[in-house]
Amino acid sequence: MTNAFSNQWQGLLESLLHRGSSAGADLVEVFLERTDHIGLLAEQDRITSVNPSFARGAGLRVFRDGRDGFVSTNDLSEAGLQRALDQALAMLGLEAQQLTSPSAFEGLKQLTDHGLNKADWLERCPSLDQASQCLLKGTDHLNRLGQHLQVRRGSYARDWQEVLVAASDGTFARDIRLHQSTGLSVLASDGDHRSSIGRRYGSSDRPDDLQDWDSEASAAEVCNSAGTMLRADYVDAGQMPAVLANRFGGVIFHEACGHLLETTQIERGTTPFADRVGELIAHPAVTAIDEGLSGGSFGSISMDDEGMEPERTVLIKDGVLQRFISDRAGELRTGHKRTGSGRRQSHAFAAASRMRNTFIDAGPHTPEQLIESVDQGLYCKAMGGGSVGPTGQFNFSVEEGYLIENGKLTKPVKGATLIGDAKEVMPRISMCANDLELAAGFCGSVSGSVFVTVGQPHIKVDSITVGGR
Amino acid sequence: MMSSNNSLNATDLRDRLQTLASREGIRRWDLGAACSDDCSVQVDRGEAKQLKASQRSSITVRVWNSDGLVGITSTTDLSDSGLEQALVGAHTASRFGNPEDIPEFSPLATAPLPELDRPLQPRQGILPLLDTLRDAEADLLGRHPAIQTVPYNGLAESLSQSLYLNSEGALRQMERTQASLYLYARAEETGRKPRSGGAVRLGLGSSELDVQGCISEAVDRTVSHLDYRPIETGSYRVCFTPEAFLSLLGAFSSMFNARSVLDGVSLSQRDSIGSDVAVPFFNLHDDGLHPGHISAAAFDGEGTPTRRLSLIEGGTLRNFLHSEATARAFGVQPTGHAGLGAKVSVGPDWFVVGSNPQVSSGNSLNHRTESGPFVLIEDLSALHAGVKATQGSFSLPFDGWLVNNGERVSVEAATVAGDIRSVLNGIAHLEADSEITHRGVSPHVWVDGLSITGEA
Numbered sequence: 001m002t003n004a005f006s007n008q009w010q011g012l013l014e015s016l017l018h019r020g021s022s023a024g025a026d027l028v029e030v031f032l033e034r035t036d037h038i039g040l041l042a043e044q045d046r047i048t049s050v051n052p053s054f055a056r057g058a059g060l061r062v063f064r065d066g067r068d069g070f071v072s073t074n075d076l077s078e079a080g081l082q083r084a085l086d087q088a089l090a091m092l093g094l095e096a097q098q099l100t101s102p103s104a105f106e107g108l109k110q111l112t113d114h115g116l117n118k119a120d121w122l123e124r125c126p127s128l129d130q131a132s133q134c135l136l137k138g139t140d141h142l143n144r145l146g147q148h149l150q151v152r153r154g155s156y157a158r159d160w161q162e163v164l165v166a167a168s169d170g171t172f173a174r175d176i177r178l179h180q181s182t183g184l185s186v187l188a189s190d191g192d193h194r195s196s197i198g199r200r201y202g203s204s205d206r207p208d209d210l211q212d213w214d215s216e217a218s219a220a221e222v223c224n225s226a227g228t229m230l231r232a233d234y235v236d237a238g239q240m241p242a243v244l245a246n247r248f249g250g251v252i253f254h255e256a257c258g259h260l261l262e263t264t265q266i267e268r269g270t271t272p273f274a275d276r277v278g279e280l281i282a283h284p285a286v287t288a289i290d291e292g293l294s295g296g297s298f299g300s301i302s303m304d305d306e307g308m309e310p311e312r313t314v315l316i317k318d319g320v321l322q323r324f325i326s327d328r329a330g331e332l333r334t335g336h337k338r339t340g341s342g343r344r345q346s347h348a349f350a351a352a353s354r355m356r357n358t359f360i361d362a363g364p365h366t367p368e369q370l371i372e373s374v375d376q377g378l379y380c381k382a383m384g385g386g387s388v389g390p391t392g393q394f395n396f397s398v399e400e401g402y403l404i405e406n407g408k409l410t411k412p413v414k415g416a417t418l419i420g421d422a423k424e425v426m427p428r429i430s431m432c433a434n435d436l437e438l439a440a441g442f443c444g445s446v447s448g449s450v451f452v453t454v455g456q457p458h459i460k461v462d463s464i465t466v467g468g469r
Numbered sequence: 470m471m472s473s474n475n476s477l478n479a480t481d482l483r484d485r486l487q488t489l490a491s492r493e494g495i496r497r498w499d500l501g502a503a504c505s506d507d508c509s510v511q512v513d514r515g516e517a518k519q520l521k522a523s524q525r526s527s528i529t530v531r532v533w534n535s536d537g538l539v540g541i542t543s544t545t546d547l548s549d550s551g552l553e554q555a556l557v558g559a560h561t562a563s564r565f566g567n568p569e570d571i572p573e574f575s576p577l578a579t580a581p582l583p584e585l586d587r588p589l590q591p592r593q594g595i596l597p598l599l600d601t602l603r604d605a606e607a608d609l610l611g612r613h614p615a616i617q618t619v620p621y622n623g624l625a626e627s628l629s630q631s632l633y634l635n636s637e638g639a640l641r642q643m644e645r646t647q648a649s650l651y652l653y654a655r656a657e658e659t660g661r662k663p664r665s666g667g668a669v670r671l672g673l674g675s676s677e678l679d680v681q682g683c684i685s686e687a688v689d690r691t692v693s694h695l696d697y698r699p700i701e702t703g704s705y706r707v708c709f710t711p712e713a714f715l716s717l718l719g720a721f722s723s724m725f726n727a728r729s730v731l732d733g734v735s736l737s738q739r740d741s742i743g744s745d746v747a748v749p750f751f752n753l754h755d756d757g758l759h760p761g762h763i764s765a766a767a768f769d770g771e772g773t774p775t776r777r778l779s780l781i782e783g784g785t786l787r788n789f790l791h792s793e794a795t796a797r798a799f800g801v802q803p804t805g806h807a808g809l810g811a812k813v814s815v816g817p818d819w820f821v822v823g824s825n826p827q828v829s830s831g832n833s834l835n836h837r838t839e840s841g842p843f844v845l846i847e848d849l850s851a852l853h854a855g856v857k858a859t860q861g862s863f864s865l866p867f868d869g870w871l872v873n874n875g876e877r878v879s880v881e882a883a884t885v886a887g888d889i890r891s892v893l894n895g896i897a898h899l900e901a902d903s904e905i906t907h908r909g910v911s912p913h914v915w916v917d918g919l920s921i922t923g924e925a
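Line order of the protein sequences matches chains A and B.
With my numbering applied, the first sequence covers 1 to 469.
With my numbering applied, the second sequence covers 470 to 925.
Since the hints were derived computationally from the structure, they do not count as laboratory data.
Misleading hints may appear alongside valid ones.
Okay, the calculated beta carbon distance ranges per label pair [what the hints assert, rightly or not]:
no.: 1; chain 1: A; residue 1: Arg-312; chain 2: B; residue 2: Gly-719; range: 38 to 44 Å
no.: 2; chain 1: B; residue 1: Arg-612; chain 2: A; residue 2: Pro-364; range: 49 to 55 Å
no.: 3; chain 1: B; residue 1: Glu-516; chain 2: A; residue 2: Gly-295; range: 39 to 45 Å
no.: 4; chain 1: A; residue 1: Gln-130; chain 2: B; residue 2: Arg-485; range: 31 to 37 Å
no.: 5; chain 1: B; residue 1: Gly-719; chain 2: A; residue 2: Ser-449; range: 18 to 24 Å
no.: 6; chain 1: B; residue 1: Gly-719; chain 2: A; residue 2: Ala-119; range: 42 to 48 Å
no.: 7; chain 1: A; residue 1: Gln-369; chain 2: B; residue 2: Ser-704; range: 47 to 53 Å
Just so you have them, the derived chain A footprint on chain B, three or more residues with Cβ under 8 Å [to be verified]:
no.: 8; segment: 524-532
no.: 9; segment: 728-738
Glycine included, every Cβ here is placed at the ideal spot set by N, Cα and C.
Okay, chain A solo, but in the shape it has when bound:
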């Protein structure tokens, strides 16, 4: 067997799928994966860590009567894959040796090869030398543009992945994915004052992306924020209106609402929106979309990890819930049609319904109009991470915030956390600006950490709880 995944695997995969189907499985799916990763870290003016890693493995999933068994292994030999399949079958009370049922499997369809024109992507990516030089240029810009910087860091990660998906419904698809991300971060310190600011940029399927990265502009943005936040006071806690900036501000929708529109949440009974398709769940100003199609965006995919091409899924239109994000198991268990959103971190995870590029669509206002509409409130220029709990309560931190006083931005504030409940906050997003932008991120959930994009224009939330001191 060659290293690369190709039609050469068809015979073995068909044999496995036939074995599983004959044993009585409703559906058998095999996911093969090879990865090639590089991580680089520059600190101050030196490369301090280079971490290459390679992996390969398979995830085998068997469905029967709505239940599923999943086994992952690093052993891609015929014996290793067969052992894994038999283990998955046994979980559902099926035995491959008996092969009592006639197989419903009619063979794999012709390979849909999304990786055909991507064979040279790995070679076209920057070499270690090039990537190192680029990062060191970034930390040098930080040094030149920043003040009181105690720590300057640049990081680069390149993730190349080849996948092959075969299922007993005939699905047979291959893809090559490429994700690159760069980041700059600083720790500024002056006496007792400290600020730490970081920004990350990411793309998919663009081998030349690093060469196009404007490290000086990125460094300037990081240094400006670090300088502004160095002497910021802690925010006063309370209920107040908030204006959230575009780009990574979209994490509020991702955490507060997006996760609750994944069919995994319906299966668990943890979304308040399960029976509300067609109903108003957000302010009529809100239209929200999840898609895997935007060229070069971090969450874009040619096919999902179940071999389906991604759709543009309108989740909310003018405040009305339209669709859920669904995968194979989600369709089976909840009836919501698959949307090309079955995603997983690696072969070690079963695919689940996950977001891709998720954003609130642009509105009619200018960002200035949103700020002018607030007497006393908080402007969240840059957001940190966040999470959502099993009852729909979300929280996320504000990395760079400013007070809004009488419709104007005034002093910077730190230490703010926005908390709330998805069901309550969505109707309070009353204004959307016309400056939609996307930002790269990582989302951790039931099927591991996946590349995503969050995004929005500037939005105004009429009232939200701001945790602080």
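Keeping the supplied structure of chain A fixed, place chain B upon it in accordance with the hints.
Only chain B this time, still in chain A's reference frame:
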């Protein structure tokens, strides 16, 4: 059931790597490897939701090139070609090794290892696990009418093996079994918001897990939050449960991390040892060998033996956690807290919080008998987002209760904010009884004057 299809042969790995290294002209190398055989189950209202198993293996190879610089590569491919790819990759990466921070073999990589009393436990297999979890879910759902689902649940068991070896003859290996159970229930009463609560149990094997204790704790926690009220924003006396306090301390562990100190991203400085960082009745140890630490390992990523280390004694910072390289920079011995890398990471094992017997807090607070007002914080969430470890500040959502006039009422959607240095210096009391949790050991910890934001 102790056998596994997935196991490492240390001498075979060493011999193969030695042969490959000689062929590539590499004289100095070391290797960390791990493999595991896991299975887990989840259920949903009596039905098997997902049954999972995995066989994983991985190695990390580190090489020193002719200039003495270090490179590293990891792979899951343990075939000869996979090993060769890793070795060549590490050699290529060594060109970018940092000449100012070159790791060496740990001087303790061949020192005697501590005895760990962690007998391997037989694994039950996936179908018995499924039966156990199904029964546990049914039991839990039957305990209170408001509990409708257990949306997050899982029962898992694993057999894992790890080893460290180097070109100077060090060879460490260990095997362990581990099992875990978690039950997070969701309850809802008409016209009220849904509430949740849960519990976790760890054990060496699935048959020894305290399933009934886990059910009871999950029920108690969930039901105790059904009657909730918003809390007024303000400054409160707070009592952290052991679990909550250990979460907070863990999020600021860079205070004790020599790597972070050297990198300038710790609240501590190189000369902080000997300075007062907490109240004088506060002790903190890192004890990876504690009998309650189910995941204990006898050695770290560099082969250094695990040991108990005093971090804060009587409020004074005593030691940092070290790898070989940071220990060399500080002129001390490695402490057994290293990973394996070109730039070696350092991390804590298992925090043990306790009182300094020589100094009294002057208080005798007890969360069971105090009538309040105080806020009892049961669990902190979103630590990845709400903690600024380099600044010392935190602003975190929590689950807990406001205790006032002896009445305990669950707090609706609130955050607690502060600075870890103020917390450590503002501890009013450590209760007498310590609890072993899945995060470490601690008593209930009382802190005065923390900011709480609520929706009242």
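The hints, checked one at a time:
1. Checked against the hint of 38 to 44 Å, the C-beta distance between A/Arg-312 and B/Gly-719 comes to roughly 42 Å, which is consistent with it.
2. At about 52 Å, the CB distance of B/Arg-612 to A/Pro-364 agrees with the hint of 49 to 55 Å.
3. With their beta carbons about 41 Å apart, B/Glu-516 and A/Gly-295 fall inside the hinted range of 39 to 45 Å.
4. Checked against the hint of 31 to 37 Å, the C-beta distance between A/Gln-130 and B/Arg-485 comes to roughly 33 Å, which is consistent with it.
5. A C-beta distance of roughly 20 Å is found between B/Gly-719 and A/Ser-449, which places it inside the suggested range of 18 to 24 Å.
6. The given range of 42 to 48 Å is respected by B/Gly-719 and A/Ala-119, whose C-beta atoms sit roughly 45 Å from each other.
7. Checked against the hint of 47 to 53 Å, the pair A/Gln-369 and B/Ser-704 fails, with Cβ atoms roughly 37 Å apart.
8. Closer than 8 Å: that is the beta-carbon criterion, and the segment 524-532 of chain B has 4 residues meeting it against chain A, so the requirement of 3 holds.
9. Requiring three or more residues with a Cβ within less than 8 Å of a Cβ of chain A, the coverage given for the segment 728-738 of chain B holds, as 3 such residues are present.
Comparing the model with each earlier hint shows a violation of hint 7 alone; every other hint is respected.
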